[in-house]
Amino acid sequence: MIKTDVIIIGGGATGCGIARDLALRGIPHCLIEKGDFAAGATGACHGLLHSGGRYAVSDPIAAKECFDENMILRRIGEKCVERTGGLFVRLPGDSKLFRERFLRSCDDIGIPTEILSSTKALELVPNLNPEIEEAIRVPDCSIDPFRLCLLNMKTSQMKGGLSFIRHRVTEIVQSHGRCIGVKATDAATGEVKEIHGNILVNASGAWADLVARLAGCEVPLTLSKGSLVITNHRLTDMVINRLRPSSDGDIIVPNEAVCLAGTTSLAVEDPDALSTQSAEVDAIISEAGRMIPHFNRARIIRAFSGVRPLLRSQKMDSREISRGFQIIDHQNGLYSIVGGKLTTFRLMAEKMVDTIMNAFNLKHDCETADQPLDGQEELSGYPLSKRLANMKNILCECELVSRGSVEKIIQETGTRHVGDISHRTRLGMGPCQGGFCTFRALGVMHDMEVLTAQQSMQSLREFLQRRFRGIRYALWGDQLREEQLVEYIYLGILAMEKTRERH
Amino acid sequence: MSVIEYDVIVIGAGAAGLTAAAWLAEQKLRVALVTAGEPTACLSTGCIDVCSRSDQPLHGIAGLPDEHPFHRVSPETLKQALEDFRRMMADMDMPYEGTLEENRLVLSAIGTFKTTCLVPATMHASPQSDEEKIHLITFTGLKDFYPGYLLSRLRNASFSSYDAGVSTTMGIAAHFEDRAFLETFLLWLERQNIREDKIAFPAVLGLESSSFVLNQIESRLERPVFEIPTLPPSMPGRRLFNVMKDHLRRRGGVIYWNWPVVGVEKSGRQIEAVTTEAQGRPNSLNARAFILATGSFVGGGLYANRDRIVEKVFNLPVFAPENRDDWFEQDYFSMNHGIGQAGIPVDEAFCPQGSPWNNIFVCGSILARTETLKNGCGHGFAIATGRAAARSCLERLK
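In order, the protein sequences belong to chains X and P. Under the working numbering, the first residue of the first sequence carries the number 1, and numbering increases by one thereafter. Under the working numbering, the first residue of the second sequence carries the number 1, and numbering increases by one thereafter.
In case anyone wonders, no lab produced these hints; they're calculated from the structure. Quick reminder that beta carbons are idealized off the backbone N, C-alpha and C, glycines included. Careful, some of the hints might be misleading.
Here are the in silico distance ranges between beta carbons for each label pair [said to hold, decoys possible]: (1) W188/P / G404/X: 25 to 35 Å; (2) K96/X / R308/P: 30 to 40 Å; (3) G171/P / R299/X: 26 to 36 Å.
For reference, chain X alone in the conformation it holds in the complex (with noise of 0.2 Å):
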């Protein structure tokens, strides 16, 4: 058994700032993870860090925190926020009363703004179209979530906190009606960790109310998904936003090497069976093709949805509930955190912290917001150099990642998952969508000896029936036709469907 203070259940955006805030106040934690680290809603959105501009007419206090986040995160990860600016573009026909309301919420809030003729929009990004009326400029910023969640970690991990990725709670401890653990499955091996602690954080995003379950409690969340396409170019270096009210398709947000573009808005039950649907893919192509023509014509390598979890209220329309977050007290040990996005993520720890240290009388100020995020340096961007410099023996072609730096990684990490290094080293992210390499960087996995031959096998079929439901939604074009060779390579040369028949 693990004895520790804190147990985090949920390795999102939010549970991972929980485990730096903690780490800095010297408080021994544990976080658990089902997937991956930002396998939920932080892997699956635009990697936006918003300037509040997107909620100043409709939310101003979430706007707000936006802002001051915003402002925070650009100073303490400096390396990992690519501070591309963004614009608010109003196209003919946009409400002219809407861009005064913006611009003055966005006085009032303290957001700054320039207004800028379409002249001098288009000389900051080319391919915006020509006919906008005009844009409005915002401190939008563009981050990698799945970096940012492991560069929280990485402060956990050096103070000595524990984390267990690939586990799933199954179970939460009890005692005396208190929380007192949670008991975890591996989900390589099946084996059983269990582990204690004197207080649980619920951090799990949209299956909140599916853990708190588990302890007999209830978290009220209306689900709502938003699908999001990836193009394999980079159409813009600054983010683009359509000045309106919210709406599909509105966002447009340059990252490392691709552009993403959404989203949608539909309410759903289920987090784990969400699938993206064709209409949707047309609706945000045709919406972010106004803002940037060429998007008509771009390759779309990838479709997929996450879910936005959001805390429920009687308002129909899920985009008009408020994206504010709320800390509740289960009163048995058990708190859950709910609601908020991506560019809040840092203050809802301190706030989820703060009520810990509360309860527990202790006394040490929050400093998420003052140090640098740790291990910058080695996780920054896309630094095309650092991967010329080791041009022998490609795995990826497509994101340039050598066999070495596959190597180093499964040495790290001892993972047996191939998402794992995908996450890591952009393996796999190209417009083939890992199609050539995952092949290549499982044989590796065996060649190492973290897989055996039949596990590689395995994994590689998953992989395959995963990777198609992120592309089936975007086949056309030369996408398509990179897929049927994909297809043919795996189904015409592997004759992979046969290995259905003997396990």
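Fit chain P to the known structure of chain X by using the hints.
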């Protein structure tokens, strides 16, 4: 702009186009073949799949749906086409084994068995069951070949690896063309003291000299040796197409390599010429008839727009599932994706249906309802329809 006249222009350098062009050249027609570049069929295993859905190819064909284009090829034409193919490959010192009576199995790079009809002689000894005792030779760092996948499915296999100093199949194949490398390698191989019945290699045993390399290894080790097809770039695929290309040239055919077709010239119901672009200069290639063998999506014959699928050269009417949601099923491994049916529907003479032009003939995987993967209708289907379309074209020109 220069104007050149031919009897027939074949568009596409895959198995279908090369077969059609070579046969027409043998009939003493003036034939040119234009291709946008290297055919995607170079990526293939080099095996000739006729119809892999049954143990017997002919039986498999008989069981294909009524509208399948294979039913437009008479059994005699199919037999003749494959016999000619075998003879031609043997003449060019790249022999193929197998018979239309029965399909055979080829061990794949992940240890499954792929069903096919004719195989290059370098795969002749490929095992027909997972019980056979095999020793696998791999090459250190080879990035597209991992013995682990094979070992996971073969009961009696072992492996050793040789460091050839390169990590690509192309690089190792090039080394095998070098006699000094081969000799050093053979000495190493003899020292391995292999006791298994057969020796397997990823398909890297040379490019032009694969027969020679294979014979050398077999005679020194006194055991059957076979190649396992690899992921692209695939040496057996490349060998096959180099040979078919040479054969066409020897028959007097002209090949315009890297000449993508960018337009057509037409008059009445006839296509008069295709315009191609090479080195930035447009050229008109005139002919009395045209054979379209541009392949499916991978080959570039078809292109899927978000709303509909188009044929790239003549804009011929395309048959396809109407709704994009029906192009793919949920299960990746279903082998039954609707998109496999997309292509050009043709009449008995391999002329496109519903097209205004009467001097176009279509063959190969661009034909509608082929479903290459599902039915295992690969190069064998391409060779057969290439031959049949060429014959039909010749009759029209008489």
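Would you list, in rising numerical order, the hints stated earlier that this structure does not obey?
none
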